[in-house]
Amino acid sequence: MEGDLAHIGAGLAAIGSGAAAIGVGNVAGNFLAGALRNPSAAASQTATLFIGIAFAEALGIFSFLVALLLMFAV
Amino acid sequence: MATETHGAEGSSLVFHPMDQFIVKPLFGGDHMGMFTITNATLWMMLAIVAVIALMVFGTSRRATIPGRAQSVAELAYGFVYKMVEDVAGKDAVGFFPYIMTLFMFIVFSNFLGLLPMSFTPTSHFAVTVVLAMLVFLTVTIVGFVKNGAKFLGLFWVSSAPLALRPVLAIIEIISYFVRPVSHSIRLAGNVMAGHAVIKVFAGFAAIAVISPVSVLAITAMYGLEVLVSFIQAYVFTILTCVYLKDALHPSH
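Chains as they are written, first to last, in UniProt numbering: chain A, 1 to 74; chain B, 1 to 252.
Take the hints with a grain of salt, since some may be wrong.
Partner residues aside, some chain A positions facing chain B, computed with beta carbon under 8 Å [stated by the list, open to error]:
id, residue
1, Ala47
2, Phe50
3, Ile51
4, Ala54
5, Glu57
6, Ala58
7, Ile61
8, Phe64
9, Leu65
To spell it out: a stretch of chain B is covered by chain A in this simulated footprint if at least three of its residues, at any positions, have a beta carbon under 8 Å from a beta carbon of chain A; those stretches are [what the hints assert, rightly or not]:
id, region
10, 22–33
11, 83–89
12, 182–190
Rather than coming from a laboratory, the hints here were simulated on the basis of the structure.
Cβ coordinates follow ideal geometry from the N, Cα and C atoms, glycine included.
Whenever a hint applies, use it, and build me the whole structure from the sequences.
As structure tokens, then:
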């Protein structure tokens, strides 16, 4: 029974991945909106784009970590 | 990940999607000691050999009009050099060899892992955690050696109101120590999840009705994985550069 609850918890933790997807979409979408307004400045900002995506993704990774811990460590 | 084989117990699924990540000894036997040659060792060695082959033999002729190998080698060199210079600053180019090594190793183990029947070392947390911890330790030591106690200014946000600074300091310290966790799990998680998804779709291919959809999905996922392999190596490297910049110029 405990194992079942842990699996449900892992599934709930996967919601965090969806939240991270919203965050990453926000970053990329706003970058695209800005890049279409001023395409000449876009190329110099791709590094910033990836850093922003990485930071937004990091918090989704923690939920993935929680899911992994529930699946394999609890 | 999965330590035991699941294939025997599943009736509909012939293999378990996580079976591809099992580390097993290459030359028979079940015993795994410190120095046993496993498939992880083999594919890491192959990645290193491929990097050496590209960078050493590719650039050894130094033709004025570069051939294919030389073009790729020069492109990779220029790409990483520009990244270090742009993101970490001009004074960080001393760390370029280290960052170049990281990038080439990750990119090659990701791409070699996309070969059918191969093994991806970077899909294992054990590998990426070591890489990320090395970056974390390097950056921390470099920060203290170059700036001394001023490195702690990284945690003390001097532009914030005085009352807020202790709270911000706690948040900054937590986010600093969480860096190696997100740094390593981002790479391993992305690579592992992508490979597992491909294997899940491969499992559906056994059902006749949906097998065309499944084959198309595998092809599409594979294309995405080629992209992800490169982007994750790029992100790992660029975050190393960002952390390095923080260590060299810790003011907020």
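Hint check results:
{"no.": "1", "hint": "Ala47", "verdict": "6 Å, holds"}
{"no.": "2", "hint": "Phe50", "verdict": "6 Å, holds"}
{"no.": "3", "hint": "Ile51", "verdict": "6 Å, holds"}
{"no.": "4", "hint": "Ala54", "verdict": "5 Å, holds"}
{"no.": "5", "hint": "Glu57", "verdict": "6 Å, holds"}
{"no.": "6", "hint": "Ala58", "verdict": "4 Å, holds"}
{"no.": "7", "hint": "Ile61", "verdict": "5 Å, holds"}
{"no.": "8", "hint": "Phe64", "verdict": "6 Å, holds"}
{"no.": "9", "hint": "Leu65", "verdict": "6 Å, holds"}
{"no.": "10", "hint": "22–33", "verdict": "violated (count 0)"}
{"no.": "11", "hint": "83–89", "verdict": "holds (count 3)"}
{"no.": "12", "hint": "182–190", "verdict": "holds (count 4)"}
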